[in-house]
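Construct all of the structure, not just a fragment, from the sequences and the given hints.
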Amino acid sequence: MAVKKSSNPMIKHYWPRYRRKAVILTIAMQFILTAFVGGAIIIAGFDSTSFEFWIVLLAIIAASLGLNVFLILSLLTPLRDLTAALTHVAGEPSTVIPPNPNAPYFEKDGFKPLLQYLYASAASAGEVTDTKGEAPTEALSRALNQTSAGIVVLDAEGAIIYANKKAPISTEMDGKIKLDLLFARENEFETWVANCRANAVHAEKTWQRVADKIVGEEGRRIFDIAATYEKGSAAEVVLVALDQTTSYQPEDDELDFIAFAAHELRGPITVIRGYLDVLAMEASDNITPDQDELLKRLVVSSNRLSGYINNILNASRFDRRHLRVHLAEDTLAGVYETINDDMQLRASSQNRLLTVSIPDDLPPIAADRSSLSEVMGNLIDNAIKYSNEGGTIKVMAVQDGSYVKMLVEDHGIGMPSSVIGNLFHKFYRSHRSRETVGGTGIGLYISKAIVESHGGTIGVKSIEGEGSIFTFTVPTYESVKDKLQANDFTNTGLINNGSGWIKNHSMYKG
Amino acid sequence: MAIRSILCIEDDRFIGEMYVRSLRREGYDVDWMVDGSDGLVAARNKVYDLILLDIMLPEKRGSEILHALRGNGKNLIPNTKIIVMTNFDQDVESRLAMEHDVDAYLIKAEITPRKLLEIVAKLQ
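Protein chains in written order, with our numbering: chain L, 1 to 510; chain Y, 1 to 124.
Derived by calculation from the structure, the hints in this document are not laboratory data.
Please read these numbers as outputs of a predicted model, since none were measured by experiment.
Don't be surprised by glycine CBs; every beta carbon is placed ideally from N, CA and C.
Where hints are given, some of them may not hold.
[Stated by the list, open to error] In silico SDA-like pairs for lysine to any residue, Cα to Cα no more than 20 Å straight-line:
hint	chain 1	residue 1	chain 2	residue 2
1	Y	K115	L	K165
2	Y	K115	L	G307
3	Y	K122	L	T338
4	Y	K115	L	G158
5	L	K205	L	G158
[Stated by the list, open to error] Going by beta-carbon spacing under 10 Å, a handful of chain L positions derived as facing chain Y:
hint	residue
6	A261
7	G267
8	R273
9	M281
10	S306
11	V460
As structure tokens, this is what we get:
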């Protein structure tokens, strides 16, 4: 069987084909009807051989053929006009003039609204396909403003060219529109865009838990962000912000409340730690080794409690952009020394062996002694928590270019790589640690914040079942000295945080 | 000049007694005032080697006492050292300003009596 060659079917071909069919059918029908009439006349007794008979029959055929063809063609006129209109709307090449809806006869027979609707809907549909991203149509813009997601479009100059109603933006005094998003590091988004411009054709990135205002401000919203970059597009960067306030806000409120409560705990914890210290000084000669061990456990526990309180307070300060580190020339060994007694006591009272080897010849670092010692305390405390009785925890340090790196190694339960990506997120706790070990999911979050505010990085390598090595780096004093002196020894220049980081009001009374 | 006499201005009875007890045991001569007004009067009437100053105090806040003693560019007590001891989380600017005028600024929750003794011993 031969394959029929078919060109693209066109609307304008329908009308002549259908008209031909209708006319042929009409004529055929006419012949059949006439044959019936003729047959009936012959049966009735007319002489079928007479000349008059055939004349009359032919006259009937001719007259009704003409009338019926005329009738069918006029009945099909609307179909002809519709096809012509559709041919025009579809943009097919055609010599037929499209029907004019304003013609008087269309008005008369009521075909006008039909044509008008056809032309109007074709015109509005055409607008969508014709726009090339310049401006959304009214319908589309209404839809975009209706969605609960914030959508922001940036052009190649980084200017915001479109933002829908829910977009986290604000207009500055000079009329410039800017993104209202507080990423974990200032300028994080801008840095990503700049990197894409330099190195990518297409890129995507997501961020979780990005707020538009600091904790405690009215109408704060928290988003999950997805951004796409497309080089050369008029809409170079498209940012979609999904409002997740309802799922994230309760945790932040909780932390806020706990921070408030934690501040109240500082008084009692001062007294408990202080009197334990007084007892240790005054009663050391009169107690048995047993009792001494009990006293040590009290000291260890109250110190840990104090550490957790500090974590919560620091996390809360960080979220409010209050956390400021005051960097001074120091040594890693010097910082560690301030917590060594506490850490050794903590390890030994929980049957872990803590070995520390920090070389003497490491260069000085730029550090805020109390915050950095809290980072060390958190990492060692974790190593104790996630290792087994009798296990060894190794603290080491090396120079790494213009950084000094500290490593805390345990041979404990370790973790799968799937966990590591989320480890430093706020409130994150791995499924297993939820079941087996206590904690708030705050320690690593605030440790990361503190290390990064020193201008360093924090990370982990882990093998499930074999243990983990947590590392962090801080810059050598020499490498950041000039920046620090220019910024009055705050971390301002190091983390490039610009203005607005510190708000001038106190958060707690009492 | 070794430190001998200490004025402790602290309204919390437990905390005050804790410091006073361990300082006296170490041989220091300690006076203890529990409100800000009495504290300022005591600081003006007698020359101490060291003042331990709380911030949140009844009658007069620690910052006011500090201002009265060392504000406006004059120093009424040039031979006295001052250590601010607080659990109050004040804003960074006030804290930095205070740190500038005193010899140490300590968070009470982070300091045990033994650490305080070490710090005082180093303040020569």
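Now for the hints, and whether the structure bears them out:
1. Among the hinted pairs, K115(Y) with K165(L) is inconsistent with the structure: their alpha-carbon atoms are about 57 Å apart, more than 20 Å.
2. Restraint check: the Cα-Cα separation between K115(Y) and G307(L) comes to about 17 Å, which is no more than 20 Å; the hinted pair holds.
3. A threshold of 20 Å between alpha carbons decides the hint, and for K122(Y) with T338(L) the separation of about 15 Å falls inside it, so the pair holds.
4. With a C-alpha separation of about 54 Å, the suggested pair K115(Y) and G158(L) falls outside the 20 Å cut-off, and the hint is violated.
5. For the given pair, K205(L) sits about 17 Å from G158(L) by alpha-carbon distance, which is consistent with the 20 Å threshold.
6. Nearest Cβ of chain Y to the Cβ of A261(L): about 13 Å, over the 10 Å cut. The hint is violated.
7. A cut of 10 Å between beta carbons decides the hint on G267(L): the least distance to chain Y is about 6 Å, and the hint holds.
8. Among the interface hints, the one on R273(L) holds; its C-beta lies about 5 Å from the nearest C-beta in chain Y, closer than the 10 Å criterion.
9. Below 10 Å, beta-carbon pairs count as interface contacts, and M281(L) has one with chain Y at about 7 Å; its hint therefore holds.
10. For S306(L), the interface hint holds, since its Cβ comes within 10 Å of a Cβ in chain Y; the closest pair sits about 6 Å apart.
11. Among the interface hints, the one on V460(L) is violated; its C-beta lies about 27 Å from the nearest C-beta in chain Y, farther than the 10 Å criterion.
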